[in-house]
Every structure is written in C-alpha cells, then in structure tokens.
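The end of the sequence shown is residue 305 by this note's numbering, with every number in the run present.
Keep in mind that the hints were calculated from the coordinates and are not lab data.
Please note: incorrect hints may appear among the correct ones.
[Stated by the list, open to error] Pairwise CB distance ranges (calculated):
(1) L55 to R89: 34 to 42 Å
(2) L162 to D62: 50 to 58 Å
(3) G85 to T268: 25 to 33 Å
[Stated by the list, open to error] As a list, the in silico DMTMM-like pairs of lysine to aspartate or glutamate whose alpha-carbon atoms are at most 25 Å apart:
(4) K52 to D101
(5) K52 to D113
(6) K52 to D78
(7) K290 to E142
(8) K52 to D295
(9) K290 to D201
(10) K52 to E125
(11) K290 to D163
(12) K52 to D62
(13) K290 to D246
(14) K175 to E212
(15) K52 to D42
(16) K181 to D167
(17) K175 to E186
(18) K175 to E208
(19) K290 to E208
(20) K175 to D246
(21) K290 to E153
(22) K181 to D163
We put the beta carbon where it would ideally sit given N, CA and C, even for glycine.
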Amino acid sequence: MRFVVGVSVMAVLLAAADVPDRPFAVGVLRRDGIVVPFAAFDGRRWSSPWPKPALELTVPIDVRSVPSNWWGPTGPLDSWEAWAGASERQPIHVSQPDWIDAHCLRQIGLRTDYRASEFPPPPHERPYPKDGLAVSPPQPIERIESVPPTSGEATAMSAVLLDAFNDAERQTARKFNHPIKTGVRERITPTIEAMYAHGGDPRVYYVESLREYRTAGTHECTLAAFGTGWFVRESGTYRALSMVVDALNCDRLGASYMMPLGVARLGTRVFWLVQFSGWDHERYVVIEPKARAVDAVLSVWGGGC
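Assemble the whole structure, with the sequences as input and the hints as a guide.
Okay, structure coming up:
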C-alpha cells in the first residue's frame with residue numbers, strides 16, 4: 001500500500017512538473033508576418049487579455065508603450081517562436097505594434113521579422129491566410145496531423161461518423177421544416193472533406209463532413225448538411241465525442257472551417273489551438289478533448305462582418 005501511495009504522489013509531482021513554470025502566450029501567425037496574440041496561460045488557466053477587433057483603434061508606437069493589461073500574466077513579449085506548417089520552429093522578433101483588417105473591423109497585432117515562403121496576399125483578403133502559431137516564451141508545441149479523407153483511418157471511422165451525423169441531423173431537423181425526409185437523408189453517406197488527428201492511443205480526431213441533397217432530374221443542389229465532429233480511437237475502437245450538423249444553403253454561407261495551429265500538452269491535459277473561420281468571420285479557440293466530451297476552454301473573436 002505504501003508503494004502504491006508513493007507512486008501516486010510521484011505521478012502527481014511529475015505531472016505538475018510538466019506544467020510550465022512561467023506564463024506563456026500564443027497567437028496566430030499571419031502570412032504577412034503579423035502576430036495576433038489570442039490566449040495566455042498563467043500555469044493554471046487560460047485567458048484572453050489582448051484587445052479584440054473594433055472599428056476605432058489606438059495603436060501603441062512601440063512594444064514598451066503597449067498597456068500592461070494587454071499582455072496579461074506574461075508581461076511584454078518582443079520575441080516569439082514561430083511554428084509554421086511542417087517547418088522547424090524559428091525565432092521571430094517584434095518590430096512594432098500595427099493594425100490590420102479583421103474582416104469589417106480592425107485589429108491590433110505585432111509586426112515581426114517573419115518571412116513567409118509564399119508571397120503574402122493583399123491585406124484585405126479574408127479570412128487572411130495564417131501560416132501557423134506563434135508562442136512566447138518558447139513552449140513545446142505538438143503538431144496536428146492532416147489525415148487524407150481516403151485513408152484507412154477515415155474508412156475505419158465511416159460507420160461511427162454516419163451514426164453521429166444522422167443523430168445530429170435529426171436534432172437539427174426538429175428546429176425547422178426539413179424538406180428532405182429522414183429515410184432519404186440517411187441513405188446518403190456523408191463525404192469527409194477534412195480530417196485532423198492528434199495522439200496515438202487514445203487518438204483524437206476532428207472531422208468536417210458534408211451531405212448534399214439534389215433534385216432527382218437536374219441533380220441541382222437544394223440543401224447542404226455540413227457536419228463538424230470530434231471522435232476518439234481507443235484500443236482500435238472509434239466513438240463519437242461531439243457532433244453538430246448545420247443545414248445550409250448550397251453556397252454554405254455561414255459555415256466555419258477549422259485551421260489547426262498546434263497542441264499544447266500541459267501536465268496531464270491536452271489543448272488544441274485552432275482557428276475557425278468563414279468568408280465573413282474568424283475566431284481562435286483553445287479546446288480540451290476529454291474522455292467523454294470536448295470543452296471549448298476559450299473562444300476569442302477574431303473579427304467579422
């Protein structure tokens with residue numbers, strides 16, 4: 001018994017040791033080299049002290065002029081580490097605060113010396129392309145894998161995805177007069193459009209899938225069912241954690257698509273850092289997948305119209 005207690009205490013101490021001993025911040029790294037901080041971790045919890053998009057802004061002239069409450073627990077940060085795509089992490093340095101377009105609003109960011117491998121698009125592009133994640137002070141980040149929709153993993157998950165999609169769409173159909181009967185809807189297999197994964201066992205997935213309804217004669221699209229869901233694979237068995245299906249027009253106006261930025265492993269907890277965006281909106285989210293649920297720990301508005 002004493003041995004078991006000793007091991008338990010040691011496990012707790014080791015888990016605590018894995019939590020950063022100093023606060024850190026994360027931000028989206030735009031292709032034009034501007035970092036927009038969106039979350040800070042103080043060793044216990046996440047917060048979002050950086051100012052949100054607005055119509056009118058007052059931009060500090062340099063890093064030293066940035067109000068202290070904008071930084072939150074970290075204090076001023078003029079050096080960051082960039083995690084861009086599959087590239088090796090690299091140090092980047094802030095030259096000055098600056099403003100950027102955030103859809104129909106403006107946002108304050110930090111202009112850095114980061115240089116993208118691709119030429120940046122015009123500043124009014126929306127949502128503006130992001131190359132990855134910026135972290136300060138340096139913090140280990142794990143990458144989120146992009147899984148091909150035709151992969152063996154996607155095929156193995158298909159039955160679980162179909163059941164979760166059907167259940168979620170039935171809930172959506174109760175909210176309005178769905179033009180397609182349940183039996184007809186559920187004979188159509190959803191198409192996986194994007195699939196992301198992290199971990200080994202358990203392995204967590206985020207899946208974007210689509211079921212389109214078309215007329216019998218012209219095959220013209222009349223309605224799109226867009227599904228977003230979280231799944232987990234444990235010991236070779238797949239199960240759903242969370243699933244939502246939205247009924248949209250065929251142009252899918254209003255849909256949000258994930259861009260995975262990275263994973264922060266803090267002690268025994270794992271947090272996905274992601275962007276959700278559409279043509280007229282974006283937000284940055286800290287997500288904690290758990291054994292039976294998925295928690296949005298922090299959701300930060302990144303601008304919209």
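Here is how each hint holds up against the structure:
Take L55 and R89: their Cβ atoms lie about 35 Å apart, and the range 34 to 42 Å holds. Range check, L162 to D62: about 55 Å between beta-carbon atoms, so the 50 to 58 Å window is met. Taken as a hint, the range 25 to 33 Å holds for the pair G85 and T268, whose Cβ atoms sit roughly 28 Å apart. Of the supplied pair hints, the one linking K52 and D101 holds, its CA atoms being roughly 12 Å apart against a limit of 25 Å.
Of the pairs offered as hints, the one joining K52 and D113 holds, with about 23 Å between alpha carbons and a cut-off of 25 Å not exceeded. Only pairs whose Cα atoms come within 25 Å are accepted, and K52 paired with D78 is accepted, the gap being roughly 20 Å. Among the hinted pairs, K290 with E142 is consistent with the structure: their alpha-carbon atoms are about 17 Å apart, no more than 25 Å. As the CA atoms of K52 and D295 are separated by approximately 22 Å, the hinted pair is consistent with the 25 Å bound.
With a CA separation close to 13 Å, the supplied pair K290 and D201 stays within the 25 Å bound. For the suggested pair K52 and E125, the alpha carbons sit about 19 Å apart, so the restraint of at most 25 Å is met. With a C-alpha separation of about 21 Å, the suggested pair K290 and D163 falls inside the 25 Å cut-off, and the hint holds. For the given pair, K52 sits about 19 Å from D62 by alpha-carbon distance, which is consistent with the 25 Å threshold.
Distance hint between K290 and D246 is fulfilled; the C-alpha atoms sit about 24 Å from each other, no more than 25 Å. The straight-line distance between the Cα atoms of K175 and E212 is roughly 19 Å, inside the 25 Å bound, and the hint therefore holds. Among the hinted pairs, K52 with D42 is consistent with the structure: their alpha-carbon atoms are about 20 Å apart, no more than 25 Å. About 14 Å separates the Cα atoms of K181 and D167, which keeps this hinted pair within 25 Å; it holds.
At roughly 18 Å between alpha-carbon atoms, K175 and E186 fall within 25 Å of each other, so this suggested pair holds. Pair hint K175 plus E208 holds up; C-alpha atoms about 22 Å apart against a cutoff of 25 Å. At most 25 Å may separate the alpha-carbon atoms for a hinted pair to count; K290 and E208 meet this at roughly 19 Å. Restraint check: the Cα-Cα separation between K175 and D246 comes to about 11 Å, which is no more than 25 Å; the hinted pair holds.
Between the alpha carbons of K290 and E153 the distance comes to roughly 20 Å, so the proposed pair stays at or under 25 Å and holds. Taking the CA atoms of K181 and D163, the gap is about 17 Å. The hint holds against a cut of 25 Å.
The structure fails none of the hints (numbered hints given earlier).
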